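Residue numbers (my numbering), protein chains in the order written: chain Z, 14 to 348; chain V, 12 to 329; chain X, -9 to 130; chain G, -14 to 636.
Since the hints were made in silico from the structure, they are not lab data.
Stretches of chain Z that chain V covers, calculated by requiring three or more beta carbons in the stretch to come under 8 Å of a beta carbon on chain V:
id: 1; stretch: 234 to 245
id: 2; stretch: 270 to 283
id: 3; stretch: 292 to 306
Below, in silico cross-link-like pairs of lysine-lysine (PhoX-like), each with a Cα-Cα straight-line distance of 25 Å or less:
id: 4; chain 1: X; residue 1: LYS104; chain 2: G; residue 2: LYS381
id: 5; chain 1: G; residue 1: LYS383; chain 2: X; residue 2: LYS104
id: 6; chain 1: G; residue 1: LYS381; chain 2: G; residue 2: LYS332
id: 7; chain 1: G; residue 1: LYS2; chain 2: G; residue 2: LYS26
id: 8; chain 1: G; residue 1: LYS388; chain 2: G; residue 2: LYS422
id: 9; chain 1: X; residue 1: LYS104; chain 2: G; residue 2: LYS509
id: 10; chain 1: V; residue 1: LYS308; chain 2: G; residue 2: LYS587
id: 11; chain 1: X; residue 1: LYS104; chain 2: G; residue 2: LYS2
id: 12; chain 1: G; residue 1: LYS26; chain 2: G; residue 2: LYS509
Every value quoted in this text rests on a predicted model; they were computed, and no experiment measured them. Here a beta-carbon is modelled for each residue, glycine too, at the ideal position from N, C-alpha and C.
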Amino acid sequence: MKFIAAAKLPLLLERLGRHSQVYAPVAVDGRVWLSPWTGEDIAGGYVNPVNSLKTLVYPQTEAVLEFEGGETDVTVREASPPAPQVIFGGRPCDAAGLDLIARVFMEGPFVDELFRRRREATTIMTVACRQAAPSCFCRAMGLSPASERGSDVLFFPGPEGYLVEALTEAGEQILEQAAGLLDDATGDQARRACQELPVPLAGDLNTVRLTPEEGFEHPYWEHLARRCRSCGTCTYLCPTCYCTALFDVTRGTRGRRLRGWDCCQFKDFLLMAGGHNARPQKKQRVRNRFLHKLSYHPANYGEQACVGCGRCVDNCPVCLHMAGVLKDLGEVERA
Amino acid sequence: MSERESRLRSLAEELLASGQVRTFIGFGPGYEPSRPLPWFAQDPAGAAQLLLNPFCGATLARYLLDDGSPGPVGVLARGCDGLGIERLLADRRVSRDRVHVVGVTCRGAVDPDKAYREAGDTPLSAELEGERVLLTTASGTREFPRASCLYDRCLSCADPSPRWADDWLDEPLPPGKREFPDVAGLEQQDADRRYAFWTRQFSRCLRCHACRQACPACHCVSCSLDHPEWLDGGISLDNNFMYHFTRAYHVAGRCIACGECQQACPAQIPLMLLNDKFMRDIRDLFGVCHPHRPQEKEPLGQFCPDDPEGWREGGAQP
Amino acid sequence: MSLTWEPKIVGFACQWCTYAGADLAGTSRLQYPATVRPIRVPCSGRVNPAFVLRAFQRGADGVLVAGCHPGDCHYTTGNLFTRRRYSLVKRFLEYLGMEPERFRVEWISAAEGKRFAQVVQEMTADLKQLGPNWKMRETT
Amino acid sequence: MPRTGVFVCWCGINIAKTVDVEGVAAASRSLPGVVHAETYKYFCSEPGQNLIKEAIWEKRLDRVVIATCSPSMHQATFREAAQAAGLNPYLVQIANIREQCSWVHSNREEATGKAVALVTAMVAKVRRDEPLQAFTLPVNRRVLVIGGGIAGMQAALDIADAGYPVVLVEREPNLGGRMAQLSETFPTLDCASCILTPKTAEVARHPLIELLAYSEVREVSGYVGAFTATIARKPAYVDWDKCIGCMLCQEKCPRKTPSDFQRGMGPGKAIGVNFPQAVPNRPVIHREHCTYFQTGKCQVCARICPVDAVDFNQAETTQEKQVGAIVVATGYEVVAPDQFGEYGYGKYPDVIDSLAFERLNSSSGPTDGVIRRPSDGAVPKEVVFIQCAGSRDPDKGKPYCSKICCMYTAKHAMLYRHKVPDGQAYIFYMDIRAGGKRYEEFVQRAVENDGALYLRGRVARVYPEDGRLVVKGVDTLSGQNVEVFADLVVLATAAVPSGGAPGLAQALKVGTDEHGFFNEAHPKLRPVETLTRGIFLAGSALAPKDISESVAQASGAAAKVLALFSREELLADPLVATVNESHCSGCFWCRPTCPYQAIEEKALRDRQVATVNAGLCQGCGACAAACRNGAMKLRGFTDEQLLAEVNALCL
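In isolation and in its complexed conformation, chain Z is listed as follows:
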């Protein structure tokens, strides 16, 4: 366990910045975003950055390959490999979310090269939480303000600086570059404070009595979905959504194949060639989002696809979010 004084943190980031692109939490127009760090003040008083760690490892739009040529002679080039990057300031829930996604992209027979290369080029230094927002519910999802999952280095904020704990081999290496800036820790009071931090939304959220098999046609979904506006705020902020779409962009005889996020709440998410839409009704789309995270994903990976970060709770204009649904599913009578 190491310790770094708060004043030395910028020096650490600056040193790491020599070999990697460094990201840090920066306040932009009153809200904190994980932004490319060029010496700005490192924000502290935030609960969670607007953009999660996912956005920097599985970006909203990334180039897959580039192609050029006429009808016969087409040349194809892979997208250039990602530069190494160090992300400081993400929260433990985001890191867990990213690890959850990493299992989807990298476990199993097919490894997604794009994701793997960018993940392996990334070192994640998360900061444990000393304060929780009314919308946080990480404990309900089996995490805590000091979870280590998915993180390479964990910082525990204290009054004068941070306790620093390397969790992975990559974490060890990154801390070697910080030699001279770190001192030995004198007690782990800051870590215990984070571990015991109470999280407002109670742990009883997760006693889901309405299982998907019984609940698929339950009128609850109709009632819930009616207020949804079918926008993409929840999915585009969610650290554990990973639906994707491929599209080509051509300019004359040159072009690029891009991969980007897709959103299951959009009306035309499952609009297929020929005009058939597998989920034309709002109820179907809203139900699918929650059943995917609470039933279908667990069936494949044995864990619920939600880390309780609270972004959907804060940003859904009509309060149609995971915390609320989990609460409802706990109370709703089976048909």
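Given chain Z's structure and the hints, the job is docking chains V, X and G onto it.
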């Protein structure tokens, strides 16, 4: 429970019981008192839970489009909802006989996030008294200025009551005049600083379409911005410029200034600054004194023989 | 690229007036810079403002929308809608940060070949002073 | 991907001189979908078109781009060529690399670059073209001829003689236009009314010609084959049905009035006809000169009229006429006197214009054909004719030549000598333009036989001196200043479009040039057509011209109308708007922008959607731009196509 709220509930119950409406849209209990939910009562029991308090925030007009709610539909209408309903009727997306408007006067809605920051704790109830807001939290009641608690859009609202309604819960207030101060502020800056401002805003855009889905004027059956020939290539600054330019132009002359787009935006982009610019120019160039109130003919759907050539006099400055 | 940088102007020209005026400039052998690239449209009323932004997005340095003088429109009212639309759009583009000289709206009749050439010359001169446009432009 | 062929034309040297045509062809071979590219000296020629046809057959092309002159020149030619080769004619696009490229740019590299860009744009556009079929429209086989001058009458007679009904509208109370005011005509010196009155009579009694005199066209709506014209009949304050044409009212009318018809050379009456042989031979009360309308007294005409035809309360009436085609023959007027201060025209009575001199010459004129000075009625011994008074004078805004003045002035000199054997005519001129058949010989006769003295030079000033007019000018051939003492000065003033032309142009939505003369579709190839299909032109409405040319153009316009009427139905251009009903939100935002009210409502299962009446739609596209989500598509100019053009031009 306020006197208006009880009148709302009994009226809704009576409308539903009599079959005059088969759904009543208003606000109902949510997960916390400061965030009531859009509520779709279909029977007297549902109507009995209707709420009417300063926390009722989102505009409801767009829900009339939802074919899931069997019609005819009763809807609680404050000033912004009323204009939203007029917008949908003017665009013929909703037929008049499907709507039963219950008008109510609104003096502004409390933004739960602002209230939480001001009071330092989750607000449990709120009262509006003139220029003051009484916020009650677990630790008691305190007074705060309107500006620090109300939604931004409510602070510049000029339409407390709908212009017409089938039933009224209280006496309507006359509509006021809407000003666009921030537009002039941005116009004074030089081109590069204006471009830097908008680049900073649009680079945060997630293209989550919350603004489009919230807007009572943006309800095409299939939006052109979803078609690849208009916007392809995913998220990029130039595509975000194209998205917001096109959307602002499409609602130009039709926006009802409800501010729901800016309110719903997770990246908090000041979208009303775009719509205000069009409204201010429509007012100055074509003499439409209240551009945000639907008229018989839309400003861009008509012309006058002596229309000015707005591109000549000094461009951005009025 | 030739030695001096040449701006690229996308010009929407209504076929009854401005395009015919441009043809007249041709038959009269007037000379003007090869910077304008015309797009023939039936009427200036056909030009969707989003086309203008698409041109800037894809690398145009200047855009011109030109049609018949009000009252001369072959379709009577096409240019009267153009006038309203582009009174707003011109100001809105500048509000977003576009330099005024990059986007022009002109009335050019079928008899005004000289006027067409003059507008192109003026725009080219203005744009050469401003330099290439990078605002609202895609970065491939 | 469609197989596209690109054909780059040299146009002799017109394109090839500044555009590297081979380079353009080479560049286009690499464009997406292009499987064939070739150049040729003249693709519009027969062999050129055959090359295109062969390429279409051999290479199985299903899109064609021709980089050549402006589409307004040969789009039809190349569409027909493609059709002949079995390709749908609407899968052809033209890249204009002549009028808008080679002719206007000199730098070869830049011109070639632009040509390649234009071809790239057209290849992108044609790829998104759909095969279309022209559809048919009913043709209302009746024509509206506007203007009862020689041109209008000729067109009306040609069409009526071919068996189709004609509605002939004339602004003045009588047929004849300017020609009715002339004495004799060049070069044959025929008496104008001798050759005109039979025509007017023929028109009046022709069973298929409905003559609407003293009427004006106020509004025209509709489109080729189905125009609706609103025609207003001005109040004549005389019931023409009752009137028997005895002209007692004109005789007894006490009021002497200035007469436009006589150009001020003699008085007219408040009621009456312009000249005895006028057709229709019915009088009209000129309200502005009639004592009754000014003071409420007099009414001599009403009392004297044997059939009680005078009706002071007659009001303007309007009626609608459904016609399939329109011929505009509104002719010309002589420019107003207020622009020639230097000649004292309008100030000195003995300075008159050439039309006034015609009235002096006319046997039915105010002086019964005797040439007399307006000031004292004396027969002038010296007459000075000043040419190009107002014409060929950019300062006075009329840079054009009025074309007929040189000929009628030579005629005036001849007539003057025949009537005043000892008189001397001086003619100040810049150039004599006598290009017609036997025109030059006519002018030589005026010089050799009739002693007309041509002085090449302009006149500086005309001013009165002891009862005569001093004309100060210069004779550039001898290089001396010249001073002529004249009894009469005749100005060959400029011809301008008739007063009703601007209003009519607006009603017909037909363009005019900066002087107000109607724009023909193409000065060389389509002189009697306008750009609006179904509307034709004849005579001086287009530009000043003499009677023989006006008659020729009138017959030309008539031929065009007859071609239109020769078929039961009309092939209509399929480039009209169409609605993608799955995208249409039924907001009908498009409807207010349609000038032809072509957008109607159509009920789908659950909602109303817009639908376009292809007959009314003229393809302007205002609705397509107003439609926010692109549900309204204008064929040939869809959003996809225009965006593709923008993309291609910005590469």
